[in-house]
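Residue numbers (the working numbering), protein chains in the order written: chain A, 594 to 735; chain B, 594 to 735; chain C, 594 to 735.
Calculated directly from the structure, the hints in this document are not laboratory data. Don't take each hint at face value.
Copies of the same chain look alike in the list, so a pair counts if it works inside one copy or between any two.
[As the list claims (entries may be wrong)] BS3-like, lysine-lysine: derived pairs with alpha carbons at most 30 Å apart:
1) 622 / 703
2) 609 / 622
3) 703 / 609
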Amino acid sequence: MNAMPREPLQGELTVKTGTRTELVNVTRKVAEILPAAFSGICHVFVPHTTAAVTINENADPDVGHDILAEIGRLVPDHNPVFRHAEGNSAAHVKAALLGSGVSIPVARGKLMLGTWQGIFFCEFDGPRSRRIVVQLTPAPDS
Amino acid sequence: MNAMPREPLQGELTVKTGTRTELVNVTRKVAEILPAAFSGICHVFVPHTTAAVTINENADPDVGHDILAEIGRLVPDHNPVFRHAEGNSAAHVKAALLGSGVSIPVARGKLMLGTWQGIFFCEFDGPRSRRIVVQLTPAPDS
Amino acid sequence: MNAMPREPLQGELTVKTGTRTELVNVTRKVAEILPAAFSGICHVFVPHTTAAVTINENADPDVGHDILAEIGRLVPDHNPVFRHAEGNSAAHVKAALLGSGVSIPVARGKLMLGTWQGIFFCEFDGPRSRRIVVQLTPAPDS
Numbered sequence: 594m595n596a597m598p599r600e601p602l603q604g605e606l607t608v609k610t611g612t613r614t615e616l617v618n619v620t621r622k623v624a625e626i627l628p629a630a631f632s633g634i635c636h637v638f639v640p641h642t643t644a645a646v647t648i649n650e651n652a653d654p655d656v657g658h659d660i661l662a663e664i665g666r667l668v669p670d671h672n673p674v675f676r677h678a679e680g681n682s683a684a685h686v687k688a689a690l691l692g693s694g695v696s697i698p699v700a701r702g703k704l705m706l707g708t709w710q711g712i713f714f715c716e717f718d719g720p721r722s723r724r725i726v727v728q729l730t731p732a733p734d735s
Numbered sequence: 594m595n596a597m598p599r600e601p602l603q604g605e606l607t608v609k610t611g612t613r614t615e616l617v618n619v620t621r622k623v624a625e626i627l628p629a630a631f632s633g634i635c636h637v638f639v640p641h642t643t644a645a646v647t648i649n650e651n652a653d654p655d656v657g658h659d660i661l662a663e664i665g666r667l668v669p670d671h672n673p674v675f676r677h678a679e680g681n682s683a684a685h686v687k688a689a690l691l692g693s694g695v696s697i698p699v700a701r702g703k704l705m706l707g708t709w710q711g712i713f714f715c716e717f718d719g720p721r722s723r724r725i726v727v728q729l730t731p732a733p734d735s
Numbered sequence: 594m595n596a597m598p599r600e601p602l603q604g605e606l607t608v609k610t611g612t613r614t615e616l617v618n619v620t621r622k623v624a625e626i627l628p629a630a631f632s633g634i635c636h637v638f639v640p641h642t643t644a645a646v647t648i649n650e651n652a653d654p655d656v657g658h659d660i661l662a663e664i665g666r667l668v669p670d671h672n673p674v675f676r677h678a679e680g681n682s683a684a685h686v687k688a689a690l691l692g693s694g695v696s697i698p699v700a701r702g703k704l705m706l707g708t709w710q711g712i713f714f715c716e717f718d719g720p721r722s723r724r725i726v727v728q729l730t731p732a733p734d735s
């Protein structure tokens, strides 16, 4: 991070979701905005209240299906206890359970993800156009 | 973050909760401790095991109600499988599901939260006096 | 972090799990790799898709039992909706719910955990040999 001119440490991505609930693999898009010399933390942040971000299996898309199906079984759309007038309370609950951010260690421009890991944007109230903020915090190499 | 004298990058907030389970909006309190020139990550950390912190809707308080109600339905207080003698195992499980920290990107002193997002302290075993640790890690501007 | 020579800001731990689902207390191992002069964030990252990391009670092991039991009741191993051929979809869902990373504030080499908090590696598809990546991002003292 000491090279001049410095590259920006905050970036933004957009995601267009195509259905109500969906996992969108954003691993490559995140990886592409990492400066080659960067080491530290890459924080992927979702500035929405009915969407989330998670890290899970990159290889078999059935895993994403199973995660969405199981979260949907746990938190059904219709529930007599829900008061929120927009009718998307389940999406807010799912967003709270999965979380609005993930932090990934980075070494010299490379995400230190495990072999099977990818970064997934989680749509719970689509289809919509969504944003992702990526914030890098450097940990200088020795 | 280069101005002299440097402002502290770790702060602490206190929250008094008034009931058993409750979401307390701490967005303003967190925002107030950000130095105007700070860019990077603001990490909000809860040093308790029966409380959590989450980011969700700031506008309609019914959303907070629905989140607490649904988490309460999923993880009921009484469960024959629970062994912990204090009787608050459900609060520990809820804390594990929502998590003890959230990280928010900050640009020049401003939390990069989405339009509808706020930061909520989640009380699951109140009423109590609680602490929140705020840690800033800088990402120098170019 | 200004002392010369600099100590490395990224480390790795290994954990051997002994059973299918298990919480392993890694607080001491994480604490041991913190340089004495370090202040900032310690991010504990699990590069696996059927394991997670959480912060919860360090004192009574019954709490860990109750968390695993309740998560196991919520997300049972067998579910007609699961498609993933490996048969470990429940482990992937649990990993998504608890999350792949935790961030802990550090002040001069000391984790700012609460009195009752510890850091737990969460095995959901063991027994296996697992890795943990620890990434430090500095927040210089004033």
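Checked against the structure, which of the hints given earlier come out wrong?
Going through the list in order, the structure violates no hint and respects every one.
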